[in-house]
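Residue numbers (this note's numbering), protein chains in the order written: chain A, 1 to 162; chain B, 1 to 200.
If you are wondering where the hints come from, they were derived from the structure by calculation, not from laboratory data. It cannot be assumed that every hint is accurate.
Claimed, not checked - Estimated spans, in silico, between C-beta atoms of each pair:
no., chain 1, residue 1, chain 2, residue 2, range
1, A, L140, B, R37, 45 to 51 Å
2, B, V175, A, S81, 54 to 60 Å
3, B, R24, A, E4, 54 to 60 Å
4, B, E69, A, E4, 51 to 57 Å
5, A, S81, B, P14, 54 to 60 Å
6, B, R37, A, E7, 39 to 45 Å
7, B, E69, A, I97, 28 to 34 Å
8, A, P62, B, V175, 35 to 41 Å
Stated by the list, open to error - Here are the simulated EDC-like cross-link-like pairs (lysine to aspartate or glutamate), alpha carbons at most 20 Å apart as the crow flies:
no., chain 1, residue 1, chain 2, residue 2
9, B, K98, B, E160
10, B, K137, A, D44
11, B, K137, A, E69
12, A, K87, B, E160
We treat Cβ as the ideally placed atom computed from N, Cα and C, and that holds for glycine.
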Amino acid sequence: MPLENHEKARFLLHRSLVEGISLEDRHWLDAHVAQCAECSQYADLSTRAVQALDWFALELDPAAALRVENVVRCRAEAMRSAEAHAKSLWIGTAVAIALTFMGSAVTWHFLAWLATRWNFPSPVWQIAFVAFWLLPSLLLAFLPLFRKRLSGEDSDSNGQTV
Amino acid sequence: MVAVVTAFSRVAEPESQCIARALRRRDSEFIGQMVSRYHYRLLRYLVYWTSRREQAEDLVQETWLRVLERARQYNGSLRFEPWLFSIARNLAIDHLRKQQPATATHRVCRGDEDGMNLPAPDIESPFFAAARSEDAKRIAAALNALEPIYREALLLRFQEELSLAEIAQVAGAPVSTVSSRIQRGLSMLEACLGGGADAA
Numbered sequence: 001m002p003l004e005n006h007e008k009a010r011f012l013l014h015r016s017l018v019e020g021i022s023l024e025d026r027h028w029l030d031a032h033v034a035q036c037a038e039c040s041q042y043a044d045l046s047t048r049a050v051q052a053l054d055w056f057a058l059e060l061d062p063a064a065a066l067r068v069e070n071v072v073r074c075r076a077e078a079m080r081s082a083e084a085h086a087k088s089l090w091i092g093t094a095v096a097i098a099l100t101f102m103g104s105a106v107t108w109h110f111l112a113w114l115a116t117r118w119n120f121p122s123p124v125w126q127i128a129f130v131a132f133w134l135l136p137s138l139l140l141a142f143l144p145l146f147r148k149r150l151s152g153e154d155s156d157s158n159g160q161t162v
Numbered sequence: 001m002v003a004v005v006t007a008f009s010r011v012a013e014p015e016s017q018c019i020a021r022a023l024r025r026r027d028s029e030f031i032g033q034m035v036s037r038y039h040y041r042l043l044r045y046l047v048y049w050t051s052r053r054e055q056a057e058d059l060v061q062e063t064w065l066r067v068l069e070r071a072r073q074y075n076g077s078l079r080f081e082p083w084l085f086s087i088a089r090n091l092a093i094d095h096l097r098k099q100q101p102a103t104a105t106h107r108v109c110r111g112d113e114d115g116m117n118l119p120a121p122d123i124e125s126p127f128f129a130a131a132r133s134e135d136a137k138r139i140a141a142a143l144n145a146l147e148p149i150y151r152e153a154l155l156l157r158f159q160e161e162l163s164l165a166e167i168a169q170v171a172g173a174p175v176s177t178v179s180s181r182i183q184r185g186l187s188m189l190e191a192c193l194g195g196g197a198d199a200a
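Next up, chain B with everything else stripped away, as it sits in the complex:
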């Protein structure tokens, strides 16, 4: 009877609460499933940030270890994805900051006020490797040239399908800023696609 009630309450419980409970209990089975479930999305997000596949793969692992360390900060009242992506984002920014002096730079912000420089993307960008159509190749070129904050905003909105409020939570920026970043990023991509079409 108790098992039935427990099972029922688990089914009725929102997913975010389930995740919060599993993290607090260090439920390795459940956490392993989550790592596997979010691996692709997290990797893609970090590739968008770093423009480097190998770094992104290292950061995925670091992100999950940080999630374990900070498990008690997540109470399950909000969706898990924004919390996960915000941890990944902070790690990516810290990682890129450490590399800053050695490489060419792009300008980006954490939030709005704390300016920093980021390394330029690889010549052999993972975006080109992932592009499967002519449009996507043109977009890949545009993404490569785009600043990470715009790439990030586009990814979170159109691939992760997060709401503006959730993206704002991840990016630590006001909703209006996030909205304008997405619109600006979109304009740049459109300009690139339009230019390609004109050239063709």
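For reference, chain A alone in the conformation it holds in the complex:
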């Protein structure tokens, strides 16, 4: 029997285990293995190698498995509550900013009306509006986010993560 046939058979044997072979190749391989003792032994060896891999069974420690499960569950819960908290903070901040701008528009018109009535110079009341109304309002709106950032940094520096 030509040497190439044995090489082809071994190649197809591996290929059939690793990724599968065509029906035509399968027929050829079966026919060859049936009449070649050496390749038949090799095929048996390959099958035994794969089966032996299946015979490895690690002993599971149920306590360890449960411990991992509990840790992961707790982390998932913590992440969910942290994300819900962050989401509510962002929504609250967005609402606060929207209300700040709406309130500022009303206040702006009111101050403009007062300034006209009492002959205040425009720059004076406009600067006062920005300094005593708009900036404090925006700072208050963003305060929860700043606090979250600061508390996040604190917890990181303590080695904890949320």
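Starting from the structure of chain A, add chain B where the hints point.
Below, chain B alone, put in the same frame as chain A:
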């Protein structure tokens, strides 16, 4: 009615989509079930990588915590297992890299180009502990001597029954490389079994 429709859509939904949704929602009940379901497979995979049972157990937990952190990266379009194993693999490699200077070394690659050295397996290998037959004991000896990339390829193909494309996704290597790794690993195991048979 709404509950019935929701339940039906959940049944009809592919499992990977279900998992992706549960991960995004941080559904601790579902995630707990997944941890329990994949625990053995993940542990076995990491034992194949590290050759050390205790390290593998630590890495299982780290893997799940990493899964939670990266939950948004998994969209459910592909199967969950390759994604899970690729996270475990990267953690195992990072872990082994940190240990590298202190121990004897084996050569292995992440992908194809980034070479690194890995610690040699334990003398009391978990493979020997798990071997239940004479063949398996001979295979255990061969596995112990085998480089982790070949062990990994064999495990993913013949125990996890992943496709070549999925193994390529896990290993970050081309399909052809994965195929040749499996064939080479198989040849080494066959040589070991054949040698044992000859000796007997």
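Note to self: To test your reading of the hints: which numbers does this structure violate?
What the structure shows: 2, 5, 9, 11 and 12
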